[in-house]
Structure formats: C-alpha cells, structure tokens
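A.B. asks: Here is what each chain is made of, one letter per residue.
Number of protein chains: 2
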Amino acid sequence: MSTGTDISFFFNPKTIAVVGASPTPGKSSHIILESLKRIGFRGTTYLVNPKYPSIDGCKCYSSMAEIKDNIDVAILALPASKVLEVLKPVENVKGAIIISAGFKEVGDSGRRLEEALKEIVVRKGIRIIGPNCLGIYDTVSRMDTFFIPVERVKRLKRGRISILTQSGSFAEMIVDEMASEGIGVARIVSYGNRVDVGETECLNFLVDDDATKVVVLYMESVDDGRRFVEVASRCTKKKPVVALKVGKREAGVHAARSHTGAISGRYEIYKAAFKKAGIIEVDGYEGLKDACKVLNTYDLVAGKKVLIITDGGGVAVTMADACEDLGLEVTGLTEETRKRLSAKLPGYTATGNPIDLTSSVTDEDYVIALEEGLRDEYDVVIVIVLWGPSEITERLVDKLKEVREIYNKPILICSPGGKFTRRMAKHFEEKKGLPVFFTPESAARAAAVLAGGKM
Amino acid sequence: MSTGTDISFFFNPKTIAVVGASPTPGKSSHIILESLKRIGFRGTTYLVNPKYPSIDGCKCYSSMAEIKDNIDVAILALPASKVLEVLKPVENVKGAIIISAGFKEVGDSGRRLEEALKEIVVRKGIRIIGPNCLGIYDTVSRMDTFFIPVERVKRLKRGRISILTQSGSFAEMIVDEMASEGIGVARIVSYGNRVDVGETECLNFLVDDDATKVVVLYMESVDDGRRFVEVASRCTKKKPVVALKVGKREAGVHAARSHTGAISGRYEIYKAAFKKAGIIEVDGYEGLKDACKVLNTYDLVAGKKVLIITDGGGVAVTMADACEDLGLEVTGLTEETRKRLSAKLPGYTATGNPIDLTSSVTDEDYVIALEEGLRDEYDVVIVIVLWGPSEITERLVDKLKEVREIYNKPILICSPGGKFTRRMAKHFEEKKGLPVFFTPESAARAAAVLAGGKM
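Protein sequence lines correspond, in order, to chains A and B.
So in the numbering used here, the last spot in the first sequence is 455, and the numbers never skip.
So in the numbering used here, the last spot in the second sequence is 455, and the numbers never skip.
Since the hints were made in silico from the structure, they are not lab data.
Please note: incorrect hints may appear among the correct ones.
Identical chains share a label here; the pair holds if one copy fits it or two copies do between them.
What the hints assert, rightly or not - 27 Å max Cα-Cα, derived BS3-like pairs, lysine-lysine:
{"#": "1", "residue 1": "K409", "residue 2": "K157"}
{"#": "2", "residue 1": "K154", "residue 2": "K431"}
{"#": "3", "residue 1": "K154", "residue 2": "K426"}
{"#": "4", "residue 1": "K344", "residue 2": "K82"}
{"#": "5", "residue 1": "K432", "residue 2": "K409"}
{"#": "6", "residue 1": "K27", "residue 2": "K399"}
{"#": "7", "residue 1": "K419", "residue 2": "K157"}
{"#": "8", "residue 1": "K68", "residue 2": "K88"}
{"#": "9", "residue 1": "K419", "residue 2": "K431"}
{"#": "10", "residue 1": "K419", "residue 2": "K37"}
{"#": "11", "residue 1": "K154", "residue 2": "K399"}
{"#": "12", "residue 1": "K419", "residue 2": "K27"}
{"#": "13", "residue 1": "K27", "residue 2": "K344"}
{"#": "14", "residue 1": "K409", "residue 2": "K399"}
{"#": "15", "residue 1": "K419", "residue 2": "K432"}
{"#": "16", "residue 1": "K213", "residue 2": "K154"}
{"#": "17", "residue 1": "K432", "residue 2": "K154"}
{"#": "18", "residue 1": "K305", "residue 2": "K409"}
{"#": "19", "residue 1": "K419", "residue 2": "K154"}
{"#": "20", "residue 1": "K157", "residue 2": "K239"}
{"#": "21", "residue 1": "K276", "residue 2": "K237"}
{"#": "22", "residue 1": "K213", "residue 2": "K431"}
{"#": "23", "residue 1": "K213", "residue 2": "K409"}
One chain only, chain A, in its complex shape:
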C-alpha cells in the first residue's frame, strides 16, 4: 500500500493542523489541543473549523486551504463521513493522522470510505496514520494526539522505549500502567486500521532513531510480511525488538477482524518470522508489561543463567519453576562459592541456587550472597525480598544498588506483597533505578526477555 515516501516528518513535524478543532472540553479535538500544550509542542499549531473564528484565544481557520503554510501533519478529529471532504481538496499537507473510527472495522459502508482514503494516499501522496487510532504520543518531538483526558490516563515521561501498536486500547492501557510505574517512552504510534503507514515503515524509522533504544510491537496482523522481517532483522542487530502477536486463536482472530479489520493469519507463521528476525516474542499483555519494565533499565544479556537469592523458601521454589518453564537455567553454584557462602553466612542458609537466606536474614546477608554468588557465571540475578523478616531494613535498598553498580549485572527485584512492600518498591525503582516485579512469574518473564525470550 505504501507509496514509499519518507515518513520521518511524522516524528519531527514543524507545522501541525488540528482539523475539527473544538472549544468544548471533553471533545476529542479539544483534548488534543490541551495535550499539545501540556507536552509542549514546539512547532506551529493551526486550528481548523469553519464554525469558530477562534478557540481559546487562537485563530481558527475555516479550511485547510485558508492556511498559507505547508502542514507537516494534519490531525483529523472528525466524523468518518467528513474525513474525505477535508482531504480531497488539500494541497498543502504531507501527512494526516486520522483518529476517527467508522471505517473498515464497521463493515461495508466503512470499507468503501477506507478504499477512498487509499486512493487519496496514492493520488495525492498524502501519508496517513490511522484511521481508527490514537495516533502519536512522542516525548522527543513533543506531540500528543491521544484523545484521552489526562485525568483518566496519565502521560509518560521521556524514556528509551518506542511502541508500535495497531490497537489504541492497548496503547491506552500500557501508557497508563507504565506512567503509574514511572517508566518512560520515546515514541508511541497507534496506527489502527493502517490504511497506509504501518509497523514496517515505523519500525524502519526507529532502526536509526537515536532516541529509541528498545522497540515494542503489539500486532494483530502484519502489513507486509517479507519487508517486515527484513526491516526487523536490521533493527534487532541494533536494539532489542519485543513483539506480542494477538489474535492467535480462533476467538481472538474473530475479535481482531471486527476490531481493526485485520486478517490475523496463522500464528505459527508469525512465530517463525519473529524468530527469523531475532524478535523477542512475549506471550501476552503481562509479558509485554514485564518486558517494558525490564528493558526500561537493562540491556539484553548474552546467556540464560539465572541466580536466585531469597529470604523465603516457598517463593524461591515457585521462582525456580517459573524460570525453568521459560527456558532459563537455574544452574547450581560452584563448590568454591558454596564453601565461601557457608563460611560467611549462618548455618541455616541454603547455599544452592536459590540461595535461601531464610527469614532470619539481615541486610548484609543479601550483600554477601550477591557478592559471592556473582563470582560464578550468571547472566541475571533475581533477588527476592519479602519484607516480613524484621531484621531487614530500608538500608537494603541502598546496599543492593551499590552491589549493582560494582558488578554491572542486571538485578531484578521480586517483591510480592501489600502496602509496606509497595512503598519499598518505590524506593527501589524511583530512587535507585532497580526494577521491582510483584510476582515470581513476572520476574521470571522479565529475566527471560533479557535472555532473549523463550528458548
């Protein structure tokens, strides 16, 4: 479908126009105006709506033709039926983000509208993101077309992950959760029905995008399978690419079709393509969240050997199971390391892998276990901290951070629990940059992502 012209202007627009701009609070287009102000878009914003001479003190143009400037990105927040009216006559627009729903996903009438949109792409060379999407949230170019009130869905700070998604609701969920956990993003594109621009072209842009260190994909289907594998293969040589394919099963496939009109195809083909391209596949939403959290902090590791340190035996058994389920190796300590641990730690310590410090643990025991354990060859360490034992204190947070800095191995904290635990988790994450996972499975999934996915 693509006309092949460069789409990088979507990620660095100088001029944008909000078509269908409204002064009514709560309306999509008004939310977009507010979002653009909040995020601090630094280019020129034109408002377009024949009904109003001005909105919030800014001039409002009656049509695109009235604007004597070239528009990099026109954001169309209009009923589906009006979209063609706007786009057909324009001469000064490079690209459009069409957030409106009511196209292919609603059946025949919408499908005809969408065919007409495709014609516009081909005949006029206007590049289109959408329709039926949230558009772009970009902390680099400072653009935000996500038409959801910030009171409902918090926005993200700048980070190193970029996300490409067909689904707007997926973007909404992950944005809200990541924001509430203090994780940042570089750029997010929700492209919905993908009448033109899709994941392959966006991914192609991200390959050389310095602001993007990690790419996360949510896919119902693929726009151009062969090209996607080619682009993704280039990308994974430079930065990790994580993908969630949904619509794997019969019901999911049906749901995907009525959602973005996507034909999701046989899952096995995707699986093979991901593998070929070096993409790390995750199983579901939970895995994707874990991947975002761990890759927000750590780079991939070379192997799959995991060291588990714990103050609770039961949770460590569950963790060992979860790690092995995902193909990680919970290999034993060397005899020398076990001896050193036995010499330095109390007699009740289990000096295997997991190293079980038991509920008689102290802060310093964790440090000893880490320092000695890391003399053996491990790629990732999972440190389970149950805050019940009264001898461990808030100082543990600093101590683990210090060890992390010396040894330069990814340390994942696993800390299931309630209020006290969550408060400590904030210390770990916000003050020390150590990611905390709240279930054994979640920490294991994150470790598996660092090791390159299921093996």
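Assemble the complex: chain A is given as a structure, and chain B must be docked to it using the hints.
C.D. replies: Okay, now just chain B, sitting in the frame of chain A:
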C-alpha cells in the same frame, strides 16, 4: 506419621501457652503476643519463660509444669535446640505449634532433632504443627501465630477461604496481598516441615468446617498421597479445592528440598491425583492469587462459556486469546441476540463475542450489552472497562452491580491501568463486591478457575 487423633482443637483452642515469651519488641514471641491481643483470642493465654516473672503485666510461668491447666496449643517460639527440652517433660499439652527453624531443612543435625520430635508425637501423643512454619492464622478461633510485624504484613479480615501451605513465605505473601485487596480468609495453616500434622489432616478438618467455603493449597510435596486423594475427593464434593504444586521442575525440586526438606516427587503424578480428586490446579502464584480473588466472591459454574464485553478492541483480542489458551469457550452470540444488540446499540458496535462497544461507549451501552448478551447461555462474563472513554462515568459501577444482582451470573471486571483505574477498582470491589482483575490474563485465569480449571 500421624497418630490419627483428632486435630480440630488446633482450630478451636480454649487454652494456649506461648513458650519462650519475650518482652522484647520485634522478637518473634513478642510479635505473637501482640498478634493474639490484636485478633482478640478469647481463651486463656499462658506465658512461659523462666527469665521473667511477668511480661507486659501478665504472669509469666517458669515452665509448662508450673501451669496447673491443660493446654490445648503450646506455641513454641524458641531456638530449635530448646524445643525438645520443653516438650519432653510436658504432661498437659494436646498440641504444639513449633515456629522455630533449624530442623530437617538445615541438614544432618537438624534431621536428628526432627526425628526426636517425631518420637515425641508417637510416644506422648502430642500433635505437632511445624517446625519451620508460621503456624496458624485463624479469624474464626481468633488465633495468630504469624510472627511477622503487622506493620510489615497486614492481617486479613474474616472471609470464606481457608489456606493450607507448607511454605511460610508463601503464606506471608498471599496474606499481605489479599489483605491489601480487601479479601478475607477463614483459616490459614502454615505447617512447614510437617513432622506430624500436614495438609491431609487439615483438609480433613476443613471438609466439614462451616466457616470454610473454599480451600486453597500450596504444596511442595504430599504427606500421604492415597489418603490425600481420598480426603480431597470428599472435600471437592462439598466445596472447591484449588491447588498449586511447586517444585515441578528440576531447579524447583532442588529448591524445595533445601526449603522444607520435601521430596517433591514427579509432577505428573500430582497432576493426575489432582484431577482424580476434582481439585482445580493453578499454574503458579499469579493463578493462585486470581483464584483467591474470584472465589472470595463467586461459586463455581457449570460450564465454560465466556462472554466478553469491552470498550477496547485490542484488549478484547488479547482476552479472547487468553481465555482459549485456558480451555474456555468464547462462543459466538446467537443471531437473535446480535440483532437485538444491533437494534439497541450504535452502528459501530461489534456484536460478536467479544461485544466491542468501542471508545464511544456510554454507561448504558454496557448495561444493554450485558442484558442482551446474557439472554444467551454463558457461564461467566468478563467485562473489560478501560476508563479512557470520557462518556463512561463512576455510575457504571452501580449499574454493573445492579445487572449482576438481577442475572446472578459471575461478572469479572478486567480493568488494566493506572491511578484513576485503581480508584474505580476500589469502588467496584469495596462497595459493590465485584472483583477486578488488572490484566487480561488474570481475568481469564480467574474465569478458568470458576469453570473448574484447565480443560
């Protein structure tokens, strides 16, 4: 191992003794004293420690022999080496809870101590819970031997679930999480090394315990496989039994051995035994948490047909995948229902299963979708609520509760997101008793539990 005498006195003690009682805040035995006061134990509590004449104004006995009363439950919070000294001479004790670690799990010396404990069980007829355990947390008899400060791990209100667990750290985690989510329990037993009383006898007690409507098991190994299956089979005829078997894989098996000294055996045998007994098996900690949450509110259902209603397409596709992965059936709506839905809802609604109300959703749309959808035969409904769409309001919480009351089908809310979402979740849960799950996978796991587990 069991001497076969009744153990129900552990769940209804009239007299207890805290042996090793200490006036020092933070010490295990002192935490237990405080916990017993907080939970409001209504029987008589004796303190025993030769070092003190009194503790916190209560008389302290120099030995068990000094107490001229029969003791139902002696709680031993002593170093492992002192445990035998205390138990050998006693004549007035029915049962003991030994929280001390330092037995079989630490190797040969501990194993000898444990053998000596077993002799006491046989020779003196004293029933023992532990060692190396948290003991009992019981909202019915109002007993709490969990020696973890309440500031670190919140305690649970009364509820209908009882939990049996080898692992104390597992008990700690699940208690803290359930408490923070407002879920209650009837009784929890953490039996650790299980020198005497284990899951089979506890389960046998719970079969006819009116306070217990649901049993949840965390198992590293089983005490008496044949008897366990027999007892569990009787129990599942009266109430749901959910089990998590850990130590499934090699690393987990090793970890379990150094943890409670358990030989966890081949996982496949457990799997088959669970199935035979009608036990609902869950895969990990996440599944067990989901089971507790959903069974806190709902009873099991007869079938496995799930209706999904959503305001976000992507999350519904993920949900449909997750449900089918677990053997649930996301069966389509009947033609008549689709017609009624199309007549009553806007044109952009996808009237399949999932019913996708899209981001243009209103509160009333959810009600219509539920009322019409439930005319078809479904066993469970998962209602996905993404709070982004500005037309849905807090009133949705009341409306869904009303529908729930009329139709008497379990409604599971799935609501991933951040701060606003979590606040709404509290409304759903605390005010309306509708359980909320924060990932698609979590809601699917809960639905699968209601439908009787993996099929």
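A.B. asks: State the violated hints by number, sorted upward, taking the hints as numbered earlier in the document.
C.D. replies: none
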